[in-house]
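**Q** The chain contents come next:
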Amino acid sequence: MRIAPKYTQRIAIALLGGATLLTLLVLLFIILFVLEKGLPAVTWQFLSQAPRDMGRSGGIFPVIVGTFLLPLLAIAIALPLGVGTAVYLTEYTRETRLTRVIRFGTDCLAGIPSIIFGLFGFIFFVVILGFGWSLLSGGLTLALMILPTIIRTTEEAIRAVPNTFREVSFSLGATRWETVLHVVLPNALPGIATGIMLSLGRSIGETAAVIFTAGSALRMPTSVYDSVRTMAVHFYLLAREGISNENAYGTAAVLILAVLGVNLTAYWIMNRFVGRHT
Amino acid sequence: MKWNSETIVRQVLTVIAFSSIAGLLLIALFILKEGLPFILKIGPQAFLLNSNWDPANGHYGIYPMIVASIWITLGAMLVGAPLGVAGAIFLNEFVPKPAMRVIKPTLELLAGIPSVVFGFIGVMVLAPLIRAYLGGPGLSLLAGALILGIMILPTVISISTDAIAAVPASYREGALALGATRWQAVHMVILKAARSGILASIILAMGRAVGETMAVIMVAGNAVKIPHGPLDSVRTLTANIALEMGYATGLHRQALFATGVVLFIFIMILNSLAGLVLRKKVRRS
Amino acid sequence: MTPPDSIKIAVESLSAFYGPDPGLRNINLPIPARSILGIIGPSGSGKTTFLRTLNRLNDLKPESRIEGRVLLDGQDIYHPAFDVVSLRKRVGMVFALPMPLPMSIADNITYGPRLAGIRNRARLDALIETSLQSAFLWDEVKNRLSSSAMRLSGGQQQRLCLARTLAMQPEVILLDEPCSGLDPISTARIEEALTLLKSQYTVVLVTNNTKQAARVADRTAFFLMGELVEVDETRRIFTIPRDSRTGDYVTGRFG
Numbered sequence: 028m029r030i031a032p033k034y035t036q037r038i039a040i041a042l043l044g045g046a047t048l049l050t051l052l053v054l055l056f057i058i059l060f061v062l063e064k065g066l067p068a069v070t071w072q073f074l075s076q077a078p079r080d081m082g083r084s085g086g087i088f089p090v091i092v093g094t095f096l097l098p099l100l101a102i103a104i105a106l107p108l109g110v111g112t113a114v115y116l117t118e119y120t121r122e123t124r125l126t127r128v129i130r131f132g133t134d135c136l137a138g139i140p141s142i143i144f145g146l147f148g149f150i151f152f153v154v155i156l157g158f159g160w161s162l163l164s165g166g167l168t169l170a171l172m173i174l175p176t177i178i179r180t181t182e183e184a185i186r187a188v189p190n191t192f193r194e195v196s197f198s199l200g201a202t203r204w205e206t207v208l209h210v211v212l213p214n215a216l217p218g219i220a221t222g223i224m225l226s227l228g229r230s231i232g233e234t235a236a237v238i239f240t241a242g243s244a245l246r247m248p249t250s251v252y253d254s255v256r257t258m259a260v261h262f263y264l265l266a267r268e269g270i271s272n273e274n275a276y277g278t279a280a281v282l283i284l285a286v287l288g289v290n291l292t293a294y295w296i297m298n299r300f301v302g303r304h305t
Numbered sequence: 034m035k036w037n038s039e040t041i042v043r044q045v046l047t048v049i050a051f052s053s054i055a056g057l058l059l060i061a062l063f064i065l066k067e068g069l070p071f072i073l074k075i076g077p078q079a080f081l082l083n084s085n086w087d088p089a090n091g092h093y094g095i096y097p098m099i100v101a102s103i104w105i106t107l108g109a110m111l112v113g114a115p116l117g118v119a120g121a122i123f124l125n126e127f128v129p130k131p132a133m134r135v136i137k138p139t140l141e142l143l144a145g146i147p148s149v150v151f152g153f154i155g156v157m158v159l160a161p162l163i164r165a166y167l168g169g170p171g172l173s174l175l176a177g178a179l180i181l182g183i184m185i186l187p188t189v190i191s192i193s194t195d196a197i198a199a200v201p202a203s204y205r206e207g208a209l210a211l212g213a214t215r216w217q218a219v220h221m222v223i224l225k226a227a228r229s230g231i232l233a234s235i236i237l238a239m240g241r242a243v244g245e246t247m248a249v250i251m252v253a254g255n256a257v258k259i260p261h262g263p264l265d266s267v268r269t270l271t272a273n274i275a276l277e278m279g280y281a282t283g284l285h286r287q288a289l290f291a292t293g294v295v296l297f298i299f300i301m302i303l304n305s306l307a308g309l310v311l312r313k314k315v316r317r318s
Numbered sequence: 096m097t098p099p100d101s102i103k104i105a106v107e108s109l110s111a112f113y114g115p116d117p118g119l120r121n122i123n124l125p126i127p128a129r130s131i132l133g134i135i136g137p138s139g140s141g142k143t144t145f146l147r148t149l150n151r152l153n154d155l156k157p158e159s160r161i162e163g164r165v166l167l168d169g170q171d172i173y174h175p176a177f178d179v180v181s182l183r184k185r186v187g188m189v190f191a192l193p194m195p196l197p198m199s200i201a202d203n204i205t206y207g208p209r210l211a212g213i214r215n216r217a218r219l220d221a222l223i224e225t226s227l228q229s230a231f232l233w234d235e236v237k238n239r240l241s242s243s244a245m246r247l248s249g250g251q252q253q254r255l256c257l258a259r260t261l262a263m264q265p266e267v268i269l270l271d272e273p274c275s276g277l278d279p280i281s282t283a284r285i286e287e288a289l290t291l292l293k294s295q296y297t298v299v300l301v302t303n304n305t306k307q308a309a310r311v312a313d314r315t316a317f318f319l320m321g322e323l324v325e326v327d328e329t330r331r332i333f334t335i336p337r338d339s340r341t342g343d344y345v346t347g348r349f350g
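Protein chains in written order, with our numbering: chain A, 28 to 305; chain B, 34 to 318; chain C, 96 to 350.
Warning: the hint list may mix true and false statements.
Straight-line Cα separation of at most 25 Å, BS3-like style, residue types lysine-lysine; simulated pairs [to be verified]:
#1 K137/B / K74/B
#2 K130/B / K33/A
#3 K258/B / K74/B
#4 K306/C / K293/C
#5 K258/B / K130/B
#6 K225/B / K33/A
The hints are simulated quantities; they were obtained by calculation from the structure and are not laboratory data.
Turn these sequences into a full structure, and let the hints guide you.
**A** Here is the structure:
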């Protein structure tokens with residue numbers, strides 16, 4: 028028996044719509060579940076005080092600081108490297124076998140599990156170079172982890188700048204670097220900013236690469252050689268060691284809000300810049 | 034003068050480019066350097082196909098972890114791929130554009146939920162449900178696969194939506210002009226045109242599932258044994274590295290790097306596959 | 096300064112290649128100072144390629160290659176010691192489509208001068224005013240110099256591009272079909288500007304509108320399939336051409 032197309036369409040839409048609804052509900056459930064359980068614990072004291080008794084009581088202030096310090100250090104390292112590399116690959120070399128190999132390499136590394144970066148960072152930075160569990164080890168490890176993403180998004184943003192802008196700039200007597208600086212990079216900025224914010228979001232939520240490189244000290248860091256604990260790590264340890272479910276939920280709520288905040292900022296930046304001169 | 038500064042800029046950029054590439058290469062080479070000699074020393078077969086993992090007594094077989102990683106990933110795909118692709122089709126074809134402008138960013142925001150949060154939900158909500166209704170310890174292959182399946186949803190939806198949105202509107206209009214219903218146009222024309230993009234999104238999501246660590250450690254149970262069913266506790270390759278690297282030394286540490294090499298190879302294969310699928314599409318069009 | 100009626104640019108045995116096929120074949124063409132040279136020919140005849148060899152913009156395409164010489168005031172611009180950046184400051188260009196950079200009107204004008212090292216605000220302001228006036232745009236935009244150049248109309252944008260080129264105070268102005276996308280009124284404004292400009296500049300105008308060449312050019316060159324068929328005073332090209340193909344083209348029998 029053949030079902031009339033009108034009915035197959037209805038069935039299909041119902042199935043697809045159901046699947047979509049299920050997806051959205053599950054994901055929203057996760058966020059709302061964490062916020063509902065966690066937000067009651069989030070008070071001004073929770074945000075502004077140091078943890079006491081391994082995090083069983085007290086707040087998470089040093090952990091919040093660590094959560095932002097570590098990714099910012101990573102971006103400070105990876106951004107000049109990544110943007111410089113992308114500019115070199117797009118504006119200063121011709122498309123050759125070498126650039127294709129480099130692109131494949133960065134793509135592969137972009138997909139490498141973070142635990143491998145953690146393993147590498149632990150042995151190389153913490154043990155061999157002797158940086159110990161520290162802001163520096165964690166920052167370098169995260170920097171390497173986000174470097175492929177920054178190279179890739181910057182490359183794409185640069186490629187999207189119309190070639191005619193470059194020609195106009197050259198015809199007005201600009202050198203290649205002046206063209207890159209005044210025309211290419213400003214126009215690629217929204218794309219680069221998106222890449223940065225994505226990397227920031229990813230680093231803030233990252234646990235596997237951080238816990239073995241930055242360590243989990245609860246003190247406020249005073250130098251790059253001090254160990255820091257991020258919210259993701261703090262949450263993981265509280266939850267896994269069963270130290271305090273209440274504070275774990277509270278930390279998770281702050282963490283989720285932080286990640287959402289970063290991602291929303293990314294959208295805001297993108298829309299603001301994209302609309303400006305068009 | 035100017036010519037000189039231009040030369041300096043070029044040289045600085047060359048140095049930067051080669052140092053970032055060297056940095057990335059360093060990771061790959063370092064892992065290989067630490068892991069490969071170990072594999073060669075105890076033999077690939079003893080490492081990959083032996084089920085006995087007991088570093089304290091010199092047994093380094095990771096077969097159970099390989100099996101667990103593969104099953105958990107496949108399970109996650111079973112959950113995530115159909116839901117994700119269905120979501121992408123529905124959002125692109127049957128949801129009005131203004132609503133999409135809200136839903137798509139929301140989904141991308143959801144992609145940013147840290148994996149430890151997913152793991153925690155798995156422990157607090159999913160595992161007790163499994164224990165109560167299906168039996169077993171709760172922390173299991175099934176719990177891991179379900180959590181991973183949910184985690185990869187935003188990835189699958191986001192990349193698939195892009196692939197579907199990239200299908201020229203003329204295809205759709207052509208099909209509709211020939212009297213097809215909206216759904217017929219979708220499954221006869223649009224899905225064919227977007228097939229490789231969708232496939233690539235699934236492969237990339239697989240890469241993410243294979244590599245996920247923290248969520249899996251929290252929900253899969255971490256027992257080193259070959260699973261006999263979905264309710265068994267399992268340990269994946271990534272979990273194996275994360276659980277033991279804090280205290281591993283000597284041969285044991287090398288064994289973990291060797292586990293890393295195996296993961297690396299998994300990811301390389303998946304990335305090459307995704308690249309191949311996408312390149313095929315470019316050649317065809 | 097180059098005296099009037101002398102040769103500003105001498106193109107000698109110039110061939111340009113993209114891959115194996117020459118895009119231009121053995122061009123010999125003297126370009127007199129302070130006059131307008133019109134270049135006409137059907138599309139694909141090498142007009143634009145020729146124009147872009149005069150400020151070495153073709154260099155940007157990795158597969159391009161040049162044979163022969165282009166002498167600017169007697170110096171070969173393809174000589175390895177010749178500074179290509181200073182060349183492009185002396186030889187300005189206006190492109191086929193209006194292409195303001197995505198910045199404000201004022202920043203578009205001062206882009207070139209700033210790169211050349213002019214920082215003095217008063218001097219930059221003066222340059223903005225004079226170049227916009229020469230391009231007949233000043234009155235329309237003087238009250239919104241800091242608004243985005245992308246919001247101007249197509250005709251205004253193209254005049255802005257002309258003003259931007261003038262602000263560099265070049266010696267030669269290359270125009271690549273500058274009116275191809277414009278309405279008749281904007282076209283008339285640009286042609287009016289060009290006829291005034293030739294007292295100070297050497298102008299090379301590529302156009303696919305033969306009537307435009309007839310209206311504004313002092314001399315006209317006819318290109319066909321990468322070769323220069325003939326060059327002569329515009330009046331002669333349009334009335335008594337030496338080559339029958341030129342006659343066929345200007346009377347509209349092909350192209």
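**Q** Report the numbers of all earlier hints that the structure fails to satisfy, in ascending order.
**A** 1, 5
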